[in-house]
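*Asks:* Chains as they are written, first to last, in our numbering: chain U, 1 to 361; chain H, 1 to 361; chain R, 1 to 361; chain W, 1 to 361.
Hints were generated in silico from the structure; no laboratory data involved. Errors might be hidden in some of the hints.
To be verified - With a straight-line cut-off of 30 Å between C-alpha atoms, the simulated BS3-like cross-links for lysine-lysine are:
1. H:K75 - R:K88
2. H:K359 - H:K75
3. H:K35 - W:K359
4. H:K75 - H:K35
5. R:K88 - U:K359
Unchecked claim - Label pairs and their computed distance ranges (CB to CB):
6. U:D89 - R:A253: 58 to 68 Å
7. R:S277 - W:S315: 38 to 48 Å
8. W:S315 - U:L117: 33 to 43 Å
9. H:P292 - R:G51: 50 to 60 Å
10. H:G271 - U:D89: 55 to 65 Å
11. U:R269 - R:E73: 29 to 39 Å
12. U:C37 - R:D46: 27 to 37 Å
13. W:R310 - R:N216: 16 to 26 Å
14. U:C37 - W:E73: 33 to 43 Å
15. W:G203 - R:S277: 11 to 21 Å
16. U:G161 - H:E308: 50 to 60 Å
17. U:G161 - H:P292: 38 to 48 Å
No residue lacks a Cβ here, since even glycine has one placed at the ideal position from N, Cα and C.
Number of protein chains: 4
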Amino acid sequence: MGGNSFGEIFRITTFGESHGAGVGVVVDGCPAGLKLCEADVQAELDRRRPGQSRLTTPRSEADSVSILSGVFEGKTTGTPIAMIVHNKDQDSSAYESIKDLARPNHADYTFFMKYGLRDWRGGGRSSGRETVSRVAAGAVAKKLLSQSGVSVIGHTVAVAGIKTGEVSHAGIIGNAEDNPVRCADPDVAAKMEEAILAAKREGDSVGGVVEVIALNVPVGLGEPVFDKLDADLAKAIMSIGAVKGVEIGAGFAVTDRLGSENNDEFIIRDGKVETTSNNSGGILGGISNGMPIVLRAAVKPTSSIAKEQRTIDLSTVEEATIKVGGRHDPCIVPRVLPVCEAMVALVLADHLLRNRASKVW
Amino acid sequence: MGGNSFGEIFRITTFGESHGAGVGVVVDGCPAGLKLCEADVQAELDRRRPGQSRLTTPRSEADSVSILSGVFEGKTTGTPIAMIVHNKDQDSSAYESIKDLARPNHADYTFFMKYGLRDWRGGGRSSGRETVSRVAAGAVAKKLLSQSGVSVIGHTVAVAGIKTGEVSHAGIIGNAEDNPVRCADPDVAAKMEEAILAAKREGDSVGGVVEVIALNVPVGLGEPVFDKLDADLAKAIMSIGAVKGVEIGAGFAVTDRLGSENNDEFIIRDGKVETTSNNSGGILGGISNGMPIVLRAAVKPTSSIAKEQRTIDLSTVEEATIKVGGRHDPCIVPRVLPVCEAMVALVLADHLLRNRASKVW
Amino acid sequence: MGGNSFGEIFRITTFGESHGAGVGVVVDGCPAGLKLCEADVQAELDRRRPGQSRLTTPRSEADSVSILSGVFEGKTTGTPIAMIVHNKDQDSSAYESIKDLARPNHADYTFFMKYGLRDWRGGGRSSGRETVSRVAAGAVAKKLLSQSGVSVIGHTVAVAGIKTGEVSHAGIIGNAEDNPVRCADPDVAAKMEEAILAAKREGDSVGGVVEVIALNVPVGLGEPVFDKLDADLAKAIMSIGAVKGVEIGAGFAVTDRLGSENNDEFIIRDGKVETTSNNSGGILGGISNGMPIVLRAAVKPTSSIAKEQRTIDLSTVEEATIKVGGRHDPCIVPRVLPVCEAMVALVLADHLLRNRASKVW
Amino acid sequence: MGGNSFGEIFRITTFGESHGAGVGVVVDGCPAGLKLCEADVQAELDRRRPGQSRLTTPRSEADSVSILSGVFEGKTTGTPIAMIVHNKDQDSSAYESIKDLARPNHADYTFFMKYGLRDWRGGGRSSGRETVSRVAAGAVAKKLLSQSGVSVIGHTVAVAGIKTGEVSHAGIIGNAEDNPVRCADPDVAAKMEEAILAAKREGDSVGGVVEVIALNVPVGLGEPVFDKLDADLAKAIMSIGAVKGVEIGAGFAVTDRLGSENNDEFIIRDGKVETTSNNSGGILGGISNGMPIVLRAAVKPTSSIAKEQRTIDLSTVEEATIKVGGRHDPCIVPRVLPVCEAMVALVLADHLLRNRASKVW
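Use the sequences and the hints to build the structure in full.
*Replies:* Written out as C-alpha cells, the structure is:
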C-alpha cells in the first residue's frame, strides 16, 4: 500500500535513498532450491551502475551487493532474500544550495506537497538510484526464469530521434552490450553517442526508446481480467521514473491498420503452434501465447539540466530560477535498459509462479 | 490473485461471461455516505452499451443495472456495493460452428492452453462484454471523485490514421458525445465515421487512439515507487482487451526532444503553483502535481473480421481457416472510451483514499 | 482493504445484507477443471440455513443458491465463480421500532460510529446472515480439497458448560449430523438441547464450543512468518461474528504443562512420519505436519435476547432500555459449526495453491 | 504471499535468520512527519533481547538496531523505514551435531518437507530470533499510536499453572516491568519465577498466558467482514511461534454463560458512551467500541528441552533420539510479551490508517 512493493507471489519490497545509508530490497516468495550467489546479482548491477562510460554520470559507486538472508549453502531457502548496496560516494553538497528549489520535471514539488517534508539530498527516495533495488531483485528473477529456459534481452532502439532498423534476436544478444548506448547496430550507436555528447556540451539532455524482448516464455502466463500479462508489464515499466509511454507488440502502430493487416494468423511450424506475424507482442487476451514478448518504453530526456529554468521556491512559494548542478547523465536511456529488463523479469517470474494455480491437478 | 480484482482501498472484483447469466461487479472500500442510485450507473452504461449507432454491434442489450447491496436510503453504507447486469440477447449460435477454431488475435488459444478448457460462447470471460463491470464500478468512482471536484473526460483523437488537432477541454466536454465516434471535432468525426463504414463494408475493421483527461486532481495522489499514479494508470488502461499502448502527457513524443524543451517550468498563476507546459501530463515522480492528467491509449482494430484467415483447430491441433461471423463493431474505439474513463476514475478514486494515509495528523 | 475479501490465491469477496436483495460471493482463483454444480453448494447451505430445528430461528429461508458465472458444462473455467442467494423472508418490521437503539453486544453502535449511518434492517451487513456467503464459498473449497483427499469435519464439544468427552473421527463423521446440536455423543446432545430450550424459555441464550478437524492434509501447507497456517486459521475463525476465542491442538491447556509433556515425539508408523501425540494440532512452525489439524472456537451466547437491557439511543445519545424482538436462535453454536468448517476449508484450499510455489521445479 | 509481510497500509516485511548476517524489517506505509529515532526502537528491543535475566537464554546479543532509510532530520519521510539488527553471538556449533534430527515441536521437519532443504543453524528463519523484526516494527507502530493517545500495555497472567488475580491498568503499568516474569503482582511473580527455575533444573520448560491491553483506542477501528479488528489481532498473535490459543475479552469463559450475563450494557458516563462490563474486550462486530481492547495468548512451554526425546533423522528417515542442547529459555513467556504488544500495536496502527477511508469528507 505504501507503494514500495511489487509482485504477488514473487514479491519485492525496496527501500533506501540516494544519499542515505544505502539502497536495498527484500525478495519474498522466491521458491526454495534456486542456485544463487552475489556474483549473479553483481553482474546485473554492473550494467546499471554509474561511471560506466563518458555517457553516464561521474558519480563513482561500485554498487557492491551483499545478500543478507534467504540463501544457505548456495541455494535459496524459500525465506526472504534481503540484499543491500551501501552508498559510498554520496556527496550531497551540490544539493544544499538548491534544497528549497523544485527542480523542473523532478519529484521535489510533489513529494514536498504529499508528505509535508522531503529528503532533498539527491532527490532522496525519488532518485534514479532507487532502481538499484529493482536490478538486484531482477537478477534473482532472471535466475529463476532461466530454470524454465526463459531469457530477457533488450536494446536501445532510439535516441534523440535517431532510430535503429529491424534487428534480429541474435543481433541484440551479440551487439547491444558492445557500445555505451546499448544499440544493436554499431553505426547507429555511433550517431546516438554523438547526439548525446552534443546535448551534454550544451548543458542539455536527450531521450529515447528501449525495447525489451522475452524469449521462450511458456504459453499461459497472465491472469485475466486485470492482471493481464501486458497490464502488469505496463505498470512495471511505467513505474520507472523516466518512462512516459509503453507499448506492446506493434503498439501505437496498430492504430493506423486494418484488422486484416494487424491480426496474427495461427500456423503450425515444426509441430508447434505459432503466429505468422507478432503484432500482438506475444500476448493474447492478457496471456502469453508462446511467441516472443516484445515491448518498448519511451524514456524522457534527463530532467536535470545545467540550463537556467524557471521554478518556485518551496519555502517561500515564490517564483525563482534554477540551474541544476550535480552529476547527471545527459541521456539516461542506456542505464534505464537494464532496469526495464529487470522489471520484465520480475513480472514474468511472478506470473510463472501464479500460473501454477491455474488448473486442478 | 485470480486477476479479477483492481485497486487497493477502492477495490473492485468483477465476474461474468459474455453469454452466461450476466456480468457484474462488487465494489469494496467505497466510503460511507456517498449519494448513489442506479441511474448514476445506468448513465455510464448507456455510453458503453452495444447498439448505440450504426458503428456498433447490433447485439441488443439494454444493459440494465441492479444494485444488490451496499446502498441504503440513497447512500452508500461502507459495505460492498454489488451490481449486476443480466445478459438478455445472448445468442451463442454463431459461435457453435467455430467453437474449436482459435479466432486470430482473440484469447481463444491462450485461454484453452492456460485452463485446459474454455467457455466458447462469445469468448466467455475474454469478451469485451466484461467491460460492463468496469464501467459500472467506474460510475461509482466518478461519483466519489465529483465530491472532491475531480472530473474525468475523454475523446477520440484518431481513427484509421485520421487525427484531430488540438482541442480545448471545453471543446471535449461540449462536442465529444455529439457524434458516434466521440471525436470533439465534428468535421474530423465525419471523416472517421466514413473510414469505419468503409472498413465495415469490406468485412474489415480499424483502430484508433483515445485520450482521457482528469481535471482538478489534487496535488499528492500516487504512491512511489511502484504504485506511481502513472504506473497504476498504465496498468488500468493496458488491462483493457483492445489496448496495445499507453502514454502519459507528451508520451512517445518526448523521446525526440531535448530536456530543455521537455521540462515543464514552474510558475505561480493566481496564487497557485502551475507549470507553463504539461508534457508531464500532470504527474511528477509518480505523484499528481495539480495540472490536468492526460493519457492516451492505442486501440487495435477489432480482431473479429469477416475475411478469411488462417488459424488452428484446438481439438485436432491442425491448421484450418476461419471467417468470424457473429455481431461485431467494425471499430471499437468509441465504445472503449467510456471504459478508459472508468479505469482512470477507478485509479484516481483509489489513490484519493490511499493518500489519506500520507501524513500524520 | 474494505475487509470483505479473504484468501490470497483462492480468494473470496462477499456482499449483501440481512434484509436487502440477497447475499452472495465471488470466488476468484479457483483452478479450472473442477467439477462443480449448484447441488454441491446447496448441500452445505442447507446445514447452515435457519429453520432446521426447534433450536433455530423460525425465519424461513430456503437459501437457494444460483451460480452466475465461472462454471461451464459442469466444470470450473478458472474465471470468477459468482453465487447469489436471494433473500425471501426479509421481514424487517421487528427492527423498525428499535432502529435507533444500539442492541447490546451487537455491531449497531460501532457501525453507526464508523460509517455515520447504518442499515438497521436486521443488522444489515453485520447480521449472521452474511455467513451464507462463507458457506457457499466453503463448499467450493471443500470440493477442491476433496480432489487432494482432504476432508474437513466438525462437531459441537460444549454448550452451556455441558461438554463431550473424547470422540473418534469416525464418531464425529457418523453421529454429529444426527442431532440438532451437532454433538457426536447422543446422550450429551440431549442434555445440550435441554439447556438450550431452557434458556429459550427464559428469553435468554447460551454459548458453547465447536471443534473442527481437517484430515489428510498434506505436509507443507502454511507460509512462515506471518501467514502461518494456524495464524490464517485463527483469523478465519475469529472473523466469524460470534467467536471470542480460538485454539489449535491442545490450545490453552498447554500453558499448564511441562515441555516434556507437551512435545509431540516423531515416530515412523507404516513407513510414514507421524507424532505420538498431537498437541500441536497438526501444525509445526506454521506449516502442516501431516497429522490431523485440530482447532476449537469459543462461541458466545446469542446477543439478541428478550430480556430487558440498558442501552443508548443513537439518535439522541441518551440512555434507554431495550428488549430485542425478532426471530433469533437461543444458541447459535450448531449453525456456527458449518461456518467454521467453511472457513477452515477456505484457508486450506488457499494454502494448497500457495504451496505450489514453494520449490523450483 | 511468501508470508513475510503483515498489514495493509502500515505494512511490514521481515527478513533474516537466527545465525545469518542479521534480522531486519522494512516498514512501508508509515505516514510522514512522525518523530522517530533509533532510541525509540532500541528501548523495545531491550525488553525482548536475550540475557536480560537468569530466566532467559544466555545467548548474548546487544540487538543494536540501525535505521537505514525513511527517516530524515529526525522525522519519517513517508518512504520505507528499513531497520537491521546484525547478529553477533551466532554460535551454531551446538546445532551441527543435530542438523539432521528434527527437534520435536520445532519447525525442522515441516521446513525440510516444504522447501526440500533448510538452514539448520539455530532453526534459521523459524527461530524465535525472527521476532526481533516484529518488535522493531512494533516500536514504530507504538510511536504512531501515541500520536493519537493510544497505548499498548501487557503483563504475564499465568506461568506453569500459577495465575494472577484481577490487576488494574495502573498496576500493570507500574509493576509488570519490575520483575523478570513481567507479572504485575510481585508475590505471584516470585512463585512463577520459582516454577521456571525448577523446570530449568530438570532440563524441562514451562508455558503460560500473557494479556495485552490497548487503552484509548478510538471507536471505529476494524473492517467488517473478514478484517475485523479481533480477526486481525488473532492472526497477529497466533503468528508468533509459541502461541497456541488467543481469546478476546472474556474469551473461552463466555461459553458457559447466559446471554444476559455476557452482554455488555451501554451507559453514558461523563458524556461518553461506555459499557458496564467489557466481556466483548472492546470490540463489537469487529469494530473497536472505545472500551479497552483486551486479549490473552496461550504460550506453550519452550520446545527445546535437554531431556531425551524420540524423533526422526531427516537424512535417513529413520527413528532416532535427541537431547536439544544450545542456549534456551526455560520459559519464553516474559520475552513473548513484548512481541505480543508489538503485534497488537501493528494491527492498531494499520487499522487507524485504514479507518481514514471509512467516510466521505
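*Asks:* The structure should be examined with respect to each hint, and the outcome stated for every one.
*Replies:* Verification of the hints:
no., hint, verdict
1, H:K75 - R:K88, "holds (23 Å)"
2, H:K359 - H:K75, "holds (29 Å)"
3, H:K35 - W:K359, "holds (12 Å)"
4, H:K75 - H:K35, "holds (4 Å)"
5, R:K88 - U:K359, "violated (36 Å)"
6, U:D89 - R:A253: 58 to 68 Å, "holds (60 Å)"
7, R:S277 - W:S315: 38 to 48 Å, "violated (25 Å)"
8, W:S315 - U:L117: 33 to 43 Å, "violated (56 Å)"
9, H:P292 - R:G51: 50 to 60 Å, "holds (58 Å)"
10, H:G271 - U:D89: 55 to 65 Å, "violated (41 Å)"
11, U:R269 - R:E73: 29 to 39 Å, "holds (32 Å)"
12, U:C37 - R:D46: 27 to 37 Å, "violated (58 Å)"
13, W:R310 - R:N216: 16 to 26 Å, "holds (24 Å)"
14, U:C37 - W:E73: 33 to 43 Å, "holds (38 Å)"
15, W:G203 - R:S277: 11 to 21 Å, "holds (20 Å)"
16, U:G161 - H:E308: 50 to 60 Å, "violated (41 Å)"
17, U:G161 - H:P292: 38 to 48 Å, "violated (27 Å)"
Of the numbered hints stated above, those contradicted by the structure are hints 5, 7, 8, 10, 12, 16, 17, listed in ascending order.
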